[in-house]
Amino acid sequence: MYNLIGAGLIVIGAGIGLGQIGGKAMEGIARQPEATGKIQTAMIIIAALLEGLAFGALFLGK
Amino acid sequence: MKIVQKSIKFFTVLAIALCSFHGFASDSDKKNNDQNDGGVVDTKKEVEEYILHHIQDSHDFNLFSYTNDAGERKHFGFPLPVIVYTSEGLKTFMSSEFHHNDDGSVVVTKGDVKLAKLHGKIYEIEAGDELEFVDHHPTNAHKVLDFSITKSVMGVLLVGLLLLWWFSSLARQYKKRQIPTGFGRVLEPLVIYVRDEIARPNIGEKHYRRFTGYLMTVFFFIWILNLLGLTPLGFNVTGQLAVTACLAIFTLVVYTVSGNKHYWGHILWMPGVPVLIRPVLAIIELAGALVIKPFSLLVRLFANISAGHIVVMSLIAIMFTLKQSLGVVGATGLSLVLSFFITLIEVLVAFLQAYIFTMLSALFIGMAVEEHAHH
Chain A
1 MYNLIGAGLI VIGAGIGLGQ IGGKAMEGIA RQPEATGKIQ TAMIIIAALL
51 EGLAFGALFL GK
Chain B
1001 MKIVQKSIKF FTVLAIALCS FHGFASDSDK KNNDQNDGGV VDTKKEVEEY
1051 ILHHIQDSHD FNLFSYTNDA GERKHFGFPL PVIVYTSEGL KTFMSSEFHH
1101 NDDGSVVVTK GDVKLAKLHG KIYEIEAGDE LEFVDHHPTN AHKVLDFSIT
1151 KSVMGVLLVG LLLLWWFSSL ARQYKKRQIP TGFGRVLEPL VIYVRDEIAR
1201 PNIGEKHYRR FTGYLMTVFF FIWILNLLGL TPLGFNVTGQ LAVTACLAIF
1251 TLVVYTVSGN KHYWGHILWM PGVPVLIRPV LAIIELAGAL VIKPFSLLVR
1301 LFANISAGHI VVMSLIAIMF TLKQSLGVVG ATGLSLVLSF FITLIEVLVA
1351 FLQAYIFTML SALFIGMAVE EHAHH
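Chains as they are written, first to last, in our numbering: chain A, 1 to 62; chain B, 1001 to 1375.
Quick caveat, the hints were computed from the structure, so don't treat them as lab data. Treat the hints with care, since some could be wrong.
What the hints assert, rightly or not - Listed next, the in silico DSBU-like pairs over lysine-lysine satisfying Cα-Cα at most 30 Å (straight line):
1. B:Lys1323 - B:Lys1293
2. B:Lys1323 - B:Lys1074
3. B:Lys1114 - B:Lys1074
4. A:Lys38 - B:Lys1110
5. B:Lys1110 - B:Lys1044
6. A:Lys38 - B:Lys1206
7. B:Lys1110 - B:Lys1121
8. A:Lys24 - B:Lys1293
9. B:Lys1293 - B:Lys1206
Looking at chain A on its own, in the form it has when it is part of the complex (with noise of 0.2 Å):
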């Protein structure tokens, strides 16, 4: 039981990760849409490190 509570929490901190990340992502490209191709590379990057780490939590915690 406790596996499910502990991965309950991994997949909110990467959703609150991910969400700041896509907000501040959004609000970027709002302001200066001809930076859009580099705010998103910029973006999927740390998406990508922090889905590393909740997927890495995720496998210990098994």
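Put chain B on the given structure of chain A with help from the hints.
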């Protein structure tokens, strides 16, 4: 515009057909049980075993297996060579001698050595004739050094040969012409992308040429292996801890060996920090540079890919676990739709993980060879 619309329709139908194909490929492995009670429990355990078996490495190349009408288990595939270093030296034989047995009951005798396979690992029996084990750990045997050509090794060799073939023929084309023809046209933009978007910005103009070879190898290797894992052939190479660990160690070696004085200076005796704190920070920085960075590369690739495979297989298994509640059509339809979309995401993840690994490797290498004017 019409051609584009037609192409989009064609490729959508093709993609749906192909992605649902691997839902069927795994179908034949389940027995047909029409029981209404007790069927759910058995199905769940079978699904778990199936998924675990397909995540792990295997000593034979099994496309699918089924139980025919006579009750025998038929396998469609071919055995792979087993190469082990036992207490009596190197022993080589085909894995068909194990007769697809994975619970230690089939004993292969080579010379004076008795070998048995338990859960994918090969053990040498020390005393007695049979493998006895308690809770998955054998009590009368020890593991041998296993150099077999397993399915993942075969995948690595396959992709290695493929890359060699593609890129050597691309390189040869430049002797005769400026712009490549044929499949080289697909590869050239990717090669230029790795060089101009990953290598050059991160490593800098002065040193990027030394490392572009390694970065391109890593990029295409991981990308093609990830894509291979999505096919119905049942490969799971980048989802093996050993493969990703190896790649992470390669990156570690590359950026440690090419670190210059500035790099080590900043790690061990960093400027701008009070002298008394420097030893403490040095330990932390050393751990970060030598352990944490490659470890994060390792875990990121491994966890993303194997989690993706587990999710895809679980969604396909919905076909069987929800057969009772949703009926055959409902369960199959739901499973096909979900696994189709997850497979699309997995295709994106395949490229993304290769790109992230390569980019972070380039970043670490760039940090190691960076030379800058002191402030």
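Hints, one by one, checked against the model:
1. Restraint check for Lys1323 of chain B and Lys1293 of chain B: not satisfied, since their Cα atoms lie roughly 45 Å apart, outside the 30 Å limit.
2. Distance restraint check for Lys1323 of chain B and Lys1074 of chain B: the Cα-Cα separation of roughly 25 Å lies within the 30 Å cut-off, and the hinted pair is therefore satisfied.
3. A hinted pair counts as satisfied when its Cα atoms are at most 30 Å apart, and Lys1114 of chain B with Lys1074 of chain B qualifies at roughly 26 Å.
4. The hinted pair formed by Lys38 of chain A and Lys1110 of chain B fails the criterion: a straight-line CA distance of about 61 Å is larger than 30 Å.
5. Of the pairs offered as hints, the one joining Lys1110 of chain B and Lys1044 of chain B is violated, with about 38 Å between alpha carbons and a cut-off of 30 Å exceeded.
6. A hinted pair counts as satisfied when its Cα atoms are at most 30 Å apart, and Lys38 of chain A with Lys1206 of chain B qualifies at roughly 24 Å.
7. As the CA atoms of Lys1110 of chain B and Lys1121 of chain B are separated by approximately 17 Å, the hinted pair is consistent with the 30 Å bound.
8. Annotation: proposed proximity of Lys24 of chain A to Lys1293 of chain B holds, straight-line Cα distance about 27 Å (limit 30 Å).
9. The hinted pair formed by Lys1293 of chain B and Lys1206 of chain B meets the criterion: a straight-line CA distance of about 24 Å does not exceed 30 Å.
The structure fails hints 1, 4 and 5 (numbered hints given earlier, in ascending order).
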